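Chains as they are written, first to last, in the UniProt record's numbering: chain L, 1 to 318; chain B, 1 to 318.
Think of the hints as simulated: they come from the structure by calculation, not from any bench. You may find that some hints are simply not true.
Note that the list lumps identical chains together, so a pair holds whenever it fits in one copy or between two copies.
With a straight-line Cα cutoff of 20 angstroms, these simulated DMTMM-like cross-link-like pairs (lysine to aspartate or glutamate) come out [as the list claims (entries may be wrong)]:
1) K150 / D214
2) K48 / D83
3) K172 / D139
4) K163 / E284
5) K281 / E31
6) K150 / D189
7) K59 / D133
8) K150 / E191
9) K163 / E86
10) K217 / E232
11) K307 / D30
12) K97 / E18
13) K97 / E251
14) K177 / D139
15) K150 / D188
16) K186 / D139
17) K186 / D222
18) K97 / D139
19) K186 / D220
20) K177 / D30
21) K163 / D139
Since the structure is predicted, the reported quantities are computational estimates derived from the model, not experimental observations.
Protein chains: 2
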Amino acid sequence: MSTLRIPVDVPSPTQDCEKLKNAFQGLGTDEKAIIRILGRRNANQRKKIRETYQQLFNKSLIDCISSELSGDFRKVVILWTYDPAERDARLANEALKSWRKTINQLQIIVEIACASSPHHLVAVRQAYCSLFDCSLEEDIISNVSQPVQKILVSLVGSYRYDKQVVDSTIAKMEAAKLHNAIGAKKLDDYEFVQVISTRNISQLRETFNCYKDDYGKNIDQDIMACGKGILESIMKVVVWCINSPEKHFAEVIRSAIVGLGTDEDSLNRAIVSRAEIDMTKIIEEYFIANKSSLDNAVIGDTSGDYKDFLLTLLGEDV
Amino acid sequence: MSTLRIPVDVPSPTQDCEKLKNAFQGLGTDEKAIIRILGRRNANQRKKIRETYQQLFNKSLIDCISSELSGDFRKVVILWTYDPAERDARLANEALKSWRKTINQLQIIVEIACASSPHHLVAVRQAYCSLFDCSLEEDIISNVSQPVQKILVSLVGSYRYDKQVVDSTIAKMEAAKLHNAIGAKKLDDYEFVQVISTRNISQLRETFNCYKDDYGKNIDQDIMACGKGILESIMKVVVWCINSPEKHFAEVIRSAIVGLGTDEDSLNRAIVSRAEIDMTKIIEEYFIANKSSLDNAVIGDTSGDYKDFLLTLLGEDV
């Protein structure tokens, strides 16, 4: 469930745009107004606001945000204002073009492929082509080395059946296939990759349950016991994104916040991309895992308008 | 270009539906009216006719066609009346579930993946999930043996960049990769499959041109010199569907018609699926390859309303 708090009487896109225009104008920017408006509109409403803004003022709303705001606050508001498919295409591109391609960068591609609807995944691939003049797969191939490359290409090529249909016999059989591959430390085994990139989510959850029942351990534990490389980390994220995206994103937020300094990019991505999907459950999972509230963690690690915007997306009154 | 001849003044969907209803009613069916109406409407118009028919008479147009027509005429009219994505999903499913899975059956999947727009391919995958409660990939995996299986799975997973952008350096480099794989008779080589299933169509055409320039022969000739199995045949169809879908479909029609008897399923598929896309060019390619007209070939091998319907789709007055 979404944590977004949309007002009962939503102003028209024209009213919203005029208020935003006023917020940008004058000597100081009215950040509170921007938070109040954009932070409380869903993806469809934001789309209409973007379109209306362009029509009314012949300017891109994103450009105005970009020139009027600054720092992390600017980053997160822009991310939130993009169309979700364009946002994810841009995040994937940044990850692929970044100099360091650790699990922190590459997991964004797994999230898009395994923790989104097939419809959203296709929309991201389409946006990627439009924005970057090549396919997402081509950029994965030219920027990611093997064996992770072929896993990511298979995952983004999926168009999973999206109903809850489970065949227990297949689950048991495929749990055995996964177990064999893991036993041989071959996480990039053809059949392993095929199973995780073609089966529907419910089916895979049943397969992971069978794995635990038949072999005693959770599949992600056995994967991590194979080694400490990027391959193992990627496969663990795959399993988590399929099995429990809420736990995955709770963990992304935890590791963005833990220790000295904050990884704002990961924090933004997790909150912005899940606020309208399953943030209520992520907050629960965060509390279970960390015995403290996600809101407090955000309050402790961020400040000012940036903090207020994140808390607004988390459903708080600021 | 399409061979479809849509009247200048298209009747409203309601008028079309009422005429169709009349054509179905009474003692004899008015086949000519059905040909005149459905054979001269494009995919969007047919969609509106299907929807309007359901609303007006609370019956499915496809069901009415199915109960009122018979034989090959019924088959082709139904195929034509389906939404194109649903039609291709059904054709792919029939191919995968057929007892014999020769090139004749499996090439339909290559056509969908390599001779259609990325948008259409995704629409087919979506329709496949809705109709058959699993993904197209899952059915390929459970019905096609290796190594063709992995090639088809990769091809249907593609979402190619659909602009005409070509990098000659990459083309030359990838022509060498393809040449190496063919030289080693490894047509299912990972890099070979990756190139043909991720690069955009213009880029691949340039790669095939480089292949000819650098190695003296057309790539499809070299592929066919690797052997006479299903793998070689599939890869040849892949190259043809990418390089010149018109030649491929001209050849599908030729081989459906040549010799004793007619392969109506292939004939229907080629004409129905390409009438609105590139049938003008297919007719040209057919003439170049066979020194006779496609229309005459259809006239020679079919009869009655079936013949008239095919000729209508080919742009003839019947």
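Taking the hints in turn, this is what the structure says about them:
1. K150 / D214: Intra 28 angstroms, inter 29 angstroms, cutoff 20 angstroms: neither.
2. K48 / D83: So K48 and D83 pass the 20 angstroms test inside one copy only (10 angstroms; across, 30 angstroms).
3. K172 / D139: between (35 angstroms within a copy, 19 angstroms between copies)
4. K163 / E284: Classified as neither; 25 angstroms inside a copy, 45 angstroms across copies.
5. K281 / E31: Neither: 29 angstroms inside a chain and 59 angstroms across chains, both beyond 20 angstroms.
6. K150 / D189: both (10 angstroms within a copy, 13 angstroms between copies)
7. K59 / D133: neither (24 angstroms within a copy, 45 angstroms between copies)
8. K150 / E191: Answer is both; intra-copy 12 angstroms and inter-copy 10 angstroms each pass.
9. K163 / E86: between (26 angstroms within a copy, 18 angstroms between copies)
10. K217 / E232: within (16 angstroms within a copy, 44 angstroms between copies)
11. K307 / D30: within (15 angstroms within a copy, 71 angstroms between copies)
12. K97 / E18: Result: close neither inside a copy nor across copies, 37 angstroms intra and 58 angstroms inter.
13. K97 / E251: Classified as neither: same-chain Cα gap 24 angstroms, cross-chain 43 angstroms, threshold 20 angstroms.
14. K177 / D139: Intra 30 angstroms, inter 18 angstroms, cutoff 20 angstroms: inter-copy only.
15. K150 / D188: both (8 angstroms within a copy, 15 angstroms between copies)
16. K186 / D139: neither (25 angstroms within a copy, 25 angstroms between copies)
17. K186 / D222: within (12 angstroms within a copy, 34 angstroms between copies)
18. K97 / D139: Only inside one copy: K97 and D139 sit 9 angstroms apart there, 35 angstroms across copies, limit 20 angstroms.
19. K186 / D220: Result: close within a single copy only, 14 angstroms intra versus 35 angstroms inter.
20. K177 / D30: neither (57 angstroms within a copy, 57 angstroms between copies)
21. K163 / D139: Intra 30 angstroms, inter 16 angstroms, cutoff 20 angstroms: inter-copy only.
The structure does not agree with the numbered hints 1, 4, 5, 7, 12, 13, 16 and 20 stated previously, though it agrees with the rest.
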